[in-house]
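Protein chains: 2
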Amino acid sequence: MKIRFYNARILSMNGNMDITPDSELWVFDDRISYIGKIKNDSDIIWDRQIDVKGNLLMPGFKDAHTHSGMTFLRSMADDLPLDRWLNEQIFPREAKLTGEDIKMCTMLAIMEYLSSGITAIFDMYLTPETIDEACIAGGMRCVQVGGMNNFSQSLKEQEEWYKKINAGNPLTSYMFGYHAEYTCSKELLMGLSDLAHKYSAPVFGHNSETASEVRGCIERYKMTPTQLADSLGLFDNGGGGYHCVFLSDEDIAIFRERGLSIVLNPGSNTKLASGIADIRRYLDEGIDLAIGTDGPASNNCLDMFREMFLVTGLSKLKEEDASVVDANDVLIMATKGGAKAMGLSDCDCLKEGKKADIIMIDLMSPNMQPLNNITKNIVYSGSKINVKMTMIDGVIRYEDREYNIGIEPEAVYSYVGDLADRLR
Amino acid sequence: MKIRFYNARILSMNGNMDITPDSELWVFDDRISYIGKIKNDSDIIWDRQIDVKGNLLMPGFKDAHTHSGMTFLRSMADDLPLDRWLNEQIFPREAKLTGEDIKMCTMLAIMEYLSSGITAIFDMYLTPETIDEACIAGGMRCVQVGGMNNFSQSLKEQEEWYKKINAGNPLTSYMFGYHAEYTCSKELLMGLSDLAHKYSAPVFGHNSETASEVRGCIERYKMTPTQLADSLGLFDNGGGGYHCVFLSDEDIAIFRERGLSIVLNPGSNTKLASGIADIRRYLDEGIDLAIGTDGPASNNCLDMFREMFLVTGLSKLKEEDASVVDANDVLIMATKGGAKAMGLSDCDCLKEGKKADIIMIDLMSPNMQPLNNITKNIVYSGSKINVKMTMIDGVIRYEDREYNIGIEPEAVYSYVGDLADRLR
Chain D
1 MKIRFYNARI LSMNGNMDIT PDSELWVFDD RISYIGKIKN DSDIIWDRQI
51 DVKGNLLMPG FKDAHTHSGM TFLRSMADDL PLDRWLNEQI FPREAKLTGE
101 DIKMCTMLAI MEYLSSGITA IFDMYLTPET IDEACIAGGM RCVQVGGMNN
151 FSQSLKEQEE WYKKINAGNP LTSYMFGYHA EYTCSKELLM GLSDLAHKYS
201 APVFGHNSET ASEVRGCIER YKMTPTQLAD SLGLFDNGGG GYHCVFLSDE
251 DIAIFRERGL SIVLNPGSNT KLASGIADIR RYLDEGIDLA IGTDGPASNN
301 CLDMFREMFL VTGLSKLKEE DASVVDANDV LIMATKGGAK AMGLSDCDCL
351 KEGKKADIIM IDLMSPNMQP LNNITKNIVY SGSKINVKMT MIDGVIRYED
401 REYNIGIEPE AVYSYVGDLA DRLR
Chain H
1 MKIRFYNARI LSMNGNMDIT PDSELWVFDD RISYIGKIKN DSDIIWDRQI
51 DVKGNLLMPG FKDAHTHSGM TFLRSMADDL PLDRWLNEQI FPREAKLTGE
101 DIKMCTMLAI MEYLSSGITA IFDMYLTPET IDEACIAGGM RCVQVGGMNN
151 FSQSLKEQEE WYKKINAGNP LTSYMFGYHA EYTCSKELLM GLSDLAHKYS
201 APVFGHNSET ASEVRGCIER YKMTPTQLAD SLGLFDNGGG GYHCVFLSDE
251 DIAIFRERGL SIVLNPGSNT KLASGIADIR RYLDEGIDLA IGTDGPASNN
301 CLDMFREMFL VTGLSKLKEE DASVVDANDV LIMATKGGAK AMGLSDCDCL
351 KEGKKADIIM IDLMSPNMQP LNNITKNIVY SGSKINVKMT MIDGVIRYED
401 REYNIGIEPE AVYSYVGDLA DRLR
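Line by line, the protein sequences are chains D and H.
Quick note: this note's numbering has the first sequence finishing at residue 424, numbered continuously throughout.
Quick note: this note's numbering has the second sequence finishing at residue 424, numbered continuously throughout.
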């Protein structure tokens with residue numbers, strides 16, 4: 001397929017945050033083949049030419065931490081602290097899910113990601129094989145990460161999924177991971193470290209999400225979750241942590257020195273009353289930051305615009321300083337930072353040769369006007385309503401509120417609605 | 001006009017938060033004439049019959065504090081503390097605005113309100129007569145409030161506007177008000193109190209938005225802003241305050257005993273790093289709460305969904321308790337609480353005889369599925385993308401992303417864009 005976008009504003013994020021007007025961008029199959037000034041080439045037979053009408057093309061957002069399959073739980077069990085929420089509401093219901101259930105719940109999440117301009121997800125959930133099927137069917141770029149704990153996902157299974165998914169469709173991949181220190185024995189984490197060394201692979205897991213999690217780990221091991229993981233060699237080949245609300249000075253040093261990524265989840269940390277991460281300091285220390293929505297049961301929505309506003313807004317509240325964490329830094333976290341964490345070096349910015357993971361932001365909307373500062377408009381005022389198109393791997397999967405995911409939206413709603421009724 | 005909605009879920013908010021399925025609602029001219037079970041009446045000649053397809057009808061949101069005319073400043077001057085932001089960025093530019101400029105900037109805001117399901121605004125800005133023209137032209141229900149300070153809007157002008165606007169189109173009205181203690185002399189506030197007594201009228205103003213504002217007032221008067229206003233008799237006929245982030249025990253007692261409304265502005269308080277209001281306590285004390293976006297220069301968007309999430313989310317963070325301020329309480333603030341503050345007793349809920357200020361929420365969207373709990377879905381996961389229709393005073397002003405406001409959107413964007421360029 002050859003698709004030409006013309007009359008575009010382009011925020012390439014290739015080395016700077018400049019926006020070039022009157023530009024065009026060509027997609028040949030899954031990659032960007034040209035980006036620059038207007039260029040007519042009458043020899044090319046286009047499958048489609050799209051007049052962008054002065055709207056904005058930019059790299060798609062990367063949702064760098066989520067549990068897509070939890071959509072069935074949205075608004076089913078709110079307003080509880082994290083430990084009770086997990087043990088009383090989540091785990092018992094999850095035990096009843098089939099692989100097909102999780103596939104369809106993931107499909108519902110994919111629709112929401114597309115509507116929020118998200119072109120890649122870093123997903124941790126129960127049945128990697130059916131999650132992989134959903135992402136390939138729906139066209140969502142997905143890096144799955146092991147959610148191993150004492151009750152599910154053995155080391156053997158992780159190794160099998162690692163080999164199988166990474167050898168399969170290039171749209172999807174698999175990383176080693178663990179649910180969290182508090183749900184994994186030390187032996188299990190040591191086994192995971194062996195696997196990571198065997199494949200020279202990075203490792204991710206939930207880390208320091210709540211103050212009580214950190215206290216518990218210190219009681220058990222006289223180390224923080226970060227120190228424990230590092231002491232076991234889990235981070236010898238990189239990786240990082242989800243949430244990271246409560247990091248010590250030593251933890252921050254480990255993240256910095258090992259080049260680990262912190263994936264921020266401000267919506268979930270807000271709704272579950274976990275706390276506010278010290279984002280300004282992480283930025284000052286030069287740590288790679290990414291942004292995730294967390295799962296739809298804890299957030300409760302999969303909306304990168306909400307997360308971006310919260311990343312800067314909560315930092316301003318925490319520091320009592322309206323000038324901290326500016327909009328451009330937030331956009332970098334939501335795109336390039338996510339790509340870095342997820343190992344998607346081909347999807348981080350718009351550039352010739354890069355993957356065509358592109359979104360179109362509708363600037364002709366009241367909340368995007370006037371165009372005093374487009375990147376600030378996106379971070380401070382943007383909404384799902386502004387996503388006009390979401391392209392992944394060169395395929396338009398969402399356009400003007402219509403989905404191209406190989407299944408009718410109503411069929412997805414119906415399946416997940418029935419499932420929720422059954423498990424409520 | 002006679003409009004029939006059928007196949008609706010209805011959240012009437014008339015005495016409870018129940019949602020009735022398979023319902024219908026009739027609008028005759030500007031009022032609701034029937035609400036209840038399916039009812040065929042072949043004698044009625046309908047102007048339009050709308051199949052709601054199981055989506056939700058509910059009362060429109062009331063944006064109980066805003067400065068609509070500031071849209072030209074969106075993203076022009078961010079990331080500054082409140083005092084520098086006002087004195088260096090806002091006031092000098094505002095001095096150059098004409099009445100027509102403010103009318104068109106207000107029209108841009110009206111479009112955004114409609115897209116967010118907002119059916120009434122409590123607006124404070126510089127040129128009440130042209131703001132009134134914009135709201136009548138665009139069909140937005142508007143209660144204006146005086147923004148008097150030492151430099152603009154005299155008592156004489158307020159009295160003239162009070163008489164003129166309240167005698168004009170019933171879609172719009174006018175209340176006495178003051179910008180804030182720190183921009184008004186004591187003499188001016190005393191004069192305003194005389195006016196409020198003359199007309200037995202409530203008074204609103206910015207109140208205790210920042211810690212430094214409260215400190216300054218105590219230095220000047222040995223009283224908080226609330227105590228000062230009350231001591232001058234400003235609240236003898238009711239009214240209330242915008243923001244109210246830093247209230248003392250005595251202040252809270254004044255609000256409770258006088259039946260004053262607190263209008264919360266969490267988006268603005270977050271972006272300007274002002275702080276988090278003690279919403280849980282205000283609720284516990286039984287104070288009437290409403291929600292406003294504040295102006296688009298400080299927020300930077302006019303989105304009731306963002307505000308609703310922040311009202312509960314920031315309360316959870318402040319209290320370190322995920323169970324505080326539940327979704328239904330937030331919806332009541334955003335609708336009935338706003339109507340109470342604004343004196344719109346005919347617009348608070350859906351009921352026969354009430355004004356037809358109604359919105360339709362699209363439940364067939366991925367972020368609204370499954371329907372485990374619709375009110376939680378709206379507060380925790382809702383977005384402008386879910387607003388399918390906004391009706392004010394019986395007229396559909398927004399439907400499927402099209403506006404019915406008597407002017408083309410592009411003309412509004414063009415005017416405000418040129419204005420912003422001129423003032424930048």
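Hints in this document: simulated from the structure, not taken from any laboratory.
Model, not experiment: these values are computed from the prediction.
All C-beta atoms, glycine included, are put in the ideal place defined by N, C-alpha and C.
Any given hint might turn out to be false.
Stated by the list, open to error - Calculated cross-link-like contacts (lysine to aspartate or glutamate; reagent style EDC-like; alpha-carbon spacing at most 16 Å): (1) D:2 / D:30; (2) H:163 / H:187; (3) H:198 / H:236; (4) D:2 / D:41; (5) H:37 / H:18; (6) H:318 / D:320; (7) H:53 / D:410; (8) D:318 / H:320; (9) H:222 / H:257; (10) D:318 / H:257; (11) D:53 / H:410; (12) H:2 / H:51; (13) D:164 / D:129; (14) D:156 / D:133; (15) H:318 / D:187; (16) D:2 / D:47; (17) D:186 / D:219; (18) D:53 / D:30.
Claimed, not checked - Label-pair ranges, simulated between beta-carbon atoms: (19) H:321 / D:136: 46 to 52 Å; (20) H:45 / D:28: 54 to 60 Å; (21) H:320 / D:17: 50 to 56 Å; (22) H:45 / D:400: 33 to 39 Å; (23) D:89 / H:154: 40 to 46 Å; (24) H:328 / D:216: 50 to 56 Å; (25) H:45 / D:20: 32 to 38 Å; (26) H:400 / D:404: 18 to 24 Å; (27) H:1 / D:414: 45 to 51 Å; (28) H:400 / D:17: 47 to 53 Å.
Structure-based check of all given hints:
The suggested pairing of residue 2 of chain D with residue 30 of chain D holds, with an alpha-carbon distance near 9 Å, which does not exceed 16 Å. Distance hint between residue 163 of chain H and residue 187 of chain H is unfulfilled; the C-alpha atoms sit about 22 Å from each other, more than 16 Å. Using a Cα cut-off of 16 Å, the hinted pair residue 198 of chain H and residue 236 of chain H holds, with the two alpha carbons roughly 11 Å apart. Simply put, residue 2 of chain D and residue 41 of chain D have alpha-carbon atoms about 12 Å apart, close enough for the 16 Å limit, and the pair holds.
Taking the CA atoms of residue 37 of chain H and residue 18 of chain H, the gap is near 14 Å; set against the 16 Å cutoff, the hint holds. Under the criterion of a C-alpha separation no larger than 16 Å, the hint pairing residue 318 of chain H with residue 320 of chain D is consistent with the structure, at around 14 Å. Annotation: proposed proximity of residue 53 of chain H to residue 410 of chain D holds, straight-line Cα distance about 12 Å (limit 16 Å). Simply put, residue 318 of chain D and residue 320 of chain H have alpha-carbon atoms about 14 Å apart, close enough for the 16 Å limit, and the pair holds.
With a C-alpha separation of about 21 Å, the suggested pairing of residue 222 of chain H with residue 257 of chain H is violated against the 16 Å cut-off. Annotation: proposed proximity of residue 318 of chain D to residue 257 of chain H is violated, straight-line Cα distance about 33 Å (limit 16 Å). For a cut-off of 16 Å, the pair hint linking residue 53 of chain D to residue 410 of chain H stands: about 12 Å separates their Cα positions. For a cut-off of 16 Å, the pair hint linking residue 2 of chain H to residue 51 of chain H stands: about 15 Å separates their Cα positions.
Between the alpha carbons of residue 164 of chain D and residue 129 of chain D the distance comes to roughly 9 Å, so the proposed pair stays at or under 16 Å and holds. For the proposed pair residue 156 of chain D and residue 133 of chain D, the alpha carbon gap of about 21 Å is over 16 Å, so the pair is violated. Taking the CA atoms of residue 318 of chain H and residue 187 of chain D, the gap is about 38 Å. The hint is violated against a cut of 16 Å. Under the criterion of a C-alpha separation no larger than 16 Å, the hint pairing residue 2 of chain D with residue 47 of chain D is consistent with the structure, at around 5 Å.
Pair hint residue 186 of chain D plus residue 219 of chain D holds up; C-alpha atoms about 14 Å apart against a cutoff of 16 Å. With a CA separation close to 23 Å, the supplied pair residue 53 of chain D and residue 30 of chain D exceeds the 16 Å bound. Distance hint check: the CB atoms of residue 321 of chain H and residue 136 of chain D are about 41 Å apart, inconsistent with the given range 46 to 52 Å. At about 58 Å, the CB distance of residue 45 of chain H to residue 28 of chain D agrees with the hint of 54 to 60 Å.
As the Cβ distance of residue 320 of chain H to residue 17 of chain D is approximately 36 Å, the hint placing it in 50 to 56 Å is violated. At about 35 Å, the beta-carbon gap between residue 45 of chain H and residue 400 of chain D stays in the expected band of 33 to 39 Å. Between residue 89 of chain D and residue 154 of chain H the beta carbon distance is about 59 Å. The supplied range of 40 to 46 Å is therefore violated. Remark: the range hint 50 to 56 Å for residue 328 of chain H to residue 216 of chain D is contradicted by a beta-carbon distance near 34 Å.
Against the hinted window of 32 to 38 Å, the Cβ-Cβ separation of residue 45 of chain H and residue 20 of chain D comes to about 56 Å, which falls outside the hint. A C-beta distance of roughly 20 Å is found between residue 400 of chain H and residue 404 of chain D, which places it inside the suggested range of 18 to 24 Å. The beta-carbon spacing between residue 1 of chain H and residue 414 of chain D, approximately 35 Å, falls outside the hinted interval of 45 to 51 Å. Roughly 34 Å separates the CB atoms of residue 400 of chain H and residue 17 of chain D, a value that falls outside the hinted 47 to 53 Å.
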